[in-house]
Amino acid sequence: KNEVEQSPQNLTAQEGEFITINCSYSVGISALHWLQQHPGGGIVSLFMLSSGKKKHGRLIATINIQEKHSSLHITASHPRDSAVYICAALNRDDKIIFGKGTRLHILP
Amino acid sequence: DAGVIQSPRHEVTEMGQEVTLRCKPISGHDYLFWYRQTMMRGLELLIYFNNNVPIDDSGMPEDRFSAKMPNASFSTLKIQPSEPRDSAVYFCASSFGLYTGELFFGEGSRLTVL
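Protein sequence lines, in the order shown, are assigned to chains A and B. Residue numbers for the first sequence follow our numbering, beginning at 1 and rising by one. Residue numbers for the second sequence follow our numbering, beginning at 109 and rising by one.
Some clues are possibly wrong.
As the list claims (entries may be wrong) - A few chain B positions that, by computed beta-carbon distances, are all more than 12 Å from chain A:
(1) 119
(2) 126
(3) 160
(4) 172
Stated by the list, open to error - If you want the footprint, here are the derived chain A segments under chain B, 3+ residues with CB under 8 Å:
(5) 11 to 24
(6) 38 to 45
(7) 98 to 107
Hint data in this document are derived by calculation from the structure and do not stem from the laboratory. All C-beta atoms in this analysis are idealised placements derived from N, C-alpha and C, irrespective of residue type, glycine included.
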């Protein structure tokens, strides 16, 4: 079992829908990253958080340390949000462990 | 700043050849990471440096892989000899700080070993 699990693996939604991607981890962590990888392959860091909630534009990331769970939300989704979203946990040994990613496809 | 710069963007080589991938981190960043991405295994951390010193290389697959960071503005990842199973996209990333620093990725080097 991977120490960082993401769900769903694949998600297709209509433009405008509210999107939630989940990340659960089984180890103690110092911080958690949410990354976005576009079809061209480039990777962009969206958030790094260790507690609470962060918001940037239409993107919101939350983390619950006690429940070992983080969520990435996209409001008013748009086709340009289509990408692979990757959760990465920085564990107590300072190792970054990646989830397998969630492939999001937003239909116009 | 131009961001993290990697070269080459694409490399096709034959099994047994030496491959050198290069990375220039963002100026002022004190952490540099090398990652590998394959369809089967996803993203994996290979090694990371703090202030040019290798901190954790436990992700380096085997002795054929080596990484150096001779100064704050340059790092290399070398594979010698290369094998077909090394075919992957290799990403370099840098950050300022480990616990608070956002990761900035290069565009990746796509390696194909025939």
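Residue 160 of chain B remote from chain A - nearest C-beta pair above 12 Å: 17 Å, holds
Counting residues of the segment 98 to 107 of chain A whose CB is closer than 8 Å to a CB in chain B, do you get three or more? holds (count 4)
Evaluate the condition: distance from the CB of residue 119 of chain B to the nearest CB of chain A exceeds 12 Å. Correct as stated: the minimum Cβ-Cβ distance to chain A is 15 Å, above 12 Å.
Report holds if the minimum CB distance from residue 126 of chain B to chain A is greater than 12 Å, and violated otherwise. Given that every Cβ of chain A is farther than 12 Å from that of residue 126 of chain B, nearest at about 24 Å, it holds.
Within 8 Å of chain B (C-beta), three or more residues of the segment 38 to 45 of chain A: holds (count 5)
Is the Cβ of residue 172 of chain B more than 12 Å away from each Cβ in chain A? Its Cβ never comes within 12 Å of chain A, the nearest being 22 Å, so this holds.
Three-residue Cβ test at 8 Å for the coverage of the segment 11 to 24 of chain A by chain B: violated (count 0)
In summary, the structure is inconsistent with hint 5 from the numbered list given earlier, while agreeing with all the others.
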